[in-house]
Amino acid sequence: MLFSNAVQEKNVFLERVEELLLSSDLGPRTTNEILEYFKAIDLHQFKINDYNYFKKQLKKILLDIIPVKNDTLKIDPEILNIILIMGVNGTGKTSFAGKLAYYFKNQGWNSLLVPADTFRAGAIEQLTCLSKLAGVETLRTSANSDPASVVFDGIQSAKAKKKVLLIIDTAGRLHTYHNLMKELEKIERVIIKNAPEARLQNILVIDASTGQNALIQAATFQKSLKVSSIALTKLDGTAKGGIVLSIQKELSIPVDFITFGEKITDLCQYEPDKFIETLLD
Amino acid sequence: MLDKLAERLQYIFNKIREKGKISEYDIKQSLREIKLALLEADVNYQVVKEFINRLEQQASGEVLSKTLTPGQQIIKITHGILAEILGEKQNKIKFNDKGQTIILLIGLQGSGKTTTAAKLALSIKNQGFKPLLVAVDRVRPAAVEQLLIMGRKAGVDVFTGVPNKRILDTIHDAEQWARKHRFDVIIIDTAGRLHIDQELIQELKDIKNSLEVQETLLVLDALMGQDALRVAHDFNKEVGVDGYILTKLDGDARGGVALSIKSLTNLPIKLAGVGEKITDLEPFYPDRIASRILGMGDTLTLIEKLEANYARDEMQNMARKEFREQFNINDFYEQLKKIKNIGSLENVFNMMPAQFIGSLKGIKQSIGNEEKALSKVEAIICSMTKKERLEPDVINGSRRRRIAKGSGTSVSDVNRLLNQFFKMKKFLKQQIGKKSLIPFMR
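Note that the protein sequences, when read in sequence, are chains A and B. One gets this note's numbering by counting positions in the first sequence from 1 and adding 1 to each. One gets this note's numbering by counting positions in the second sequence from 1 and adding 17 to each.
Okay, chain A solo, but in the shape it has when bound:
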């Protein structure tokens, strides 16, 4: 609990708020910004012992400084929709791809999954297993083939089968590897060239346990290609994923989805209200 009866002093109060925000990975800059708000408040009028009241205030501040986006990811049934999934290693891209395919299947969009992670051993097999669970198809391909050519095949196959949705799973890459980022840019070029009419959305997958580095990840991916939105994974742990608030604030990249478990159903749309609520719990 944030407050005890003994705690009345403003400094102690601010320190506690700081702790709460920092421990949720909001980062020192955003945290300091929020603290400024509280410093400005006359705490005599502020119900310092009422946690719910405090939470409401904090939520207001957060919603105030973080831009809210209006357009969530939608499928246009008239054209080919392509979702490119990217991110650093081990964030859960492949699992997310499976869950996303399942999510859209339930909305009536039968997708084609493209395993463009031809680098990590077992990645293709993993996606194939997941696609069976999701009840969708996976493009057949072999390990060690060029990811851009796999994507090319995927587009051709989607066109031939008249699919509305193509979900591409790429290999994990640390944003510090120049060549791997170039590879991703090449994949995007191949898509734009071969499916110019398609609607391309690039989703960056971020692990909720990631710290301040996520901000650098998002900025660096953004430099290579447009990051349409973020998917925040592994929210079933104790990490709160507060860094996505800083990402939204600093880079204006919205969050579209969150995932929270190992089941294929463990995915839902991001709701800022709810997210901040759990952040403060």
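Watch out, some of these pointers could steer you wrong.
Claimed, not checked - Label pairs and their calculated CB-CB ranges:
1) B/Asn436 with A/Lys275: 56 to 66 Å
2) B/Lys32 with A/Arg30: 17 to 27 Å
3) B/Gly425 with A/Ile193: 23 to 33 Å
4) B/Val179 with A/Lys264: 17 to 27 Å
5) B/Asn113 with A/Ser143: 37 to 47 Å
6) A/Lys275 with B/Gly97: 40 to 50 Å
7) B/Pro300 with A/Arg30: 30 to 40 Å
8) B/Ser40 with A/Asn53: 42 to 52 Å
9) A/Ile193 with B/Ala100: 32 to 42 Å
10) A/Lys75 with B/Trp194: 48 to 58 Å
11) A/Lys194 with B/Phe146: 42 to 52 Å
12) A/Tyr38 with B/Asn436: 44 to 54 Å
Rather than coming from a laboratory, the hints here were simulated on the basis of the structure. Just so it is clear, CB atoms sit at the ideal spot from N, CA and C, and this is done for glycine as well.
Add chain B to chain A, keeping to what the hints say.
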């Protein structure tokens, strides 16, 4: 990996180092900046708080009484605290002398257990053991296949057992099989799990209860934030952990995880994953990391790498006085080529002292990515005549234009290269009389 934090701290230190007198305000300001730097590096806020408190106490206590300038004093104190947190000797994996060594790899999903398992197996194999990998990650689809493929790459056998058998039974089967076929190290790759998942944590406890596990290693992602400490703490409390393997240190994480877990759980970080290749697993040397954060360069790691790649007599050659005095472009080229063999230039830069990195980073930044940088340098050097390489002083304006033309580069590229060369030569001359084995690296 930790250079961003190092850079930040050095920037702060440089500001105060020059000052003869430091006011209360300066100290406060520095402390605030150090705090921000640590928090942005994902050091746990409890650790940061303690760090800053101690720094504040010690700094205000004795600044005036010493011969050091107040700025130097603060740096010294910071170094002391950092060294205390990180500064133990390197911790190796314990092997069972009498029989089988069992190593259990545990961790969250996506921390890099399977990749690490294969890297570890290869490293252990190279130490002369006969390791066996055991795949018991039945949760993530295709995890067993991944380990099989990685094992094949490492040249290490993988035990998978029968899919429907209980995990504990599979491990026992693996142990029997290993005994029969004389494997002396067993590495168990478990499924990723949350530290709060009681059922799966129990599974780990059961494994530890029924086997004599020498090393339970928690694989932790270096990119993690504040939650890392909680994860480390919980796994240790529930399952018992002997040490950590920190992965993804090839990213630009600022190393907060390393500082935090060492400080608050007091368990050693034994190994570090530093790349995508199967050989990219290194011992973790805490004391060297502390020096690196404070900008002294990780010279020891570099020397070890160099020793593995250099012939001994060559090193002695380099230590000779004449060599240092007559250092010419041919030598320079040889050095560059060797650096190429040691690993990426980035790695090498990270390990050198700050004063020297500047000039080398210059080469790199001016030419872009490292492979290209080296081929450009190669082209320039190959366009020089023998005489020019031996006596670079003769390279005048028109020669520079010719070299640029011949190598398909620009005159400014050639100038840059020569500048770097002369800097290095000057540096070497200054080093004459010092004992270092690899003079220009020090």
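Results of checking the hints against the structure:
One distance hint, 56 to 66 Å for the beta-carbon pair B/Asn436 and A/Lys275, holds here, with the actual separation near 58 Å. A beta carbon spacing of about 20 Å between B/Lys32 and A/Arg30 agrees with the range 17 to 27 Å that was offered as a hint. Between B/Gly425 and A/Ile193 the C-beta distance comes to about 32 Å, which sits within the given range of 23 to 33 Å. Roughly 25 Å separates the CB atoms of B/Val179 and A/Lys264, a value that falls within the hinted 17 to 27 Å.
Restraint check, B/Asn113 to A/Ser143: a C-beta distance of roughly 41 Å satisfies the suggested window 37 to 47 Å. Separation of A/Lys275 from B/Gly97 is about 46 Å and conforms to the stated range, judged on CB atoms against 40 to 50 Å. Between B/Pro300 and A/Arg30 the beta carbon distance is about 35 Å. The supplied range of 30 to 40 Å therefore holds. At about 44 Å, the beta-carbon gap between B/Ser40 and A/Asn53 stays in the expected band of 42 to 52 Å.
The hinted window of 32 to 42 Å between A/Ile193 and B/Ala100 is violated, with their beta carbons roughly 52 Å apart. At roughly 54 Å, the beta carbons of A/Lys75 and B/Trp194 sit within the given window of 48 to 58 Å. Distance hint check for A/Lys194 and B/Phe146: the Cβ-Cβ separation is about 51 Å, which falls inside the suggested range of 42 to 52 Å. Between A/Tyr38 and B/Asn436, the C-beta spacing of about 51 Å keeps the proposed range 44 to 54 Å intact.
Comparing the model with each numbered hint stated earlier shows that hint 9 is the single one that does not hold.
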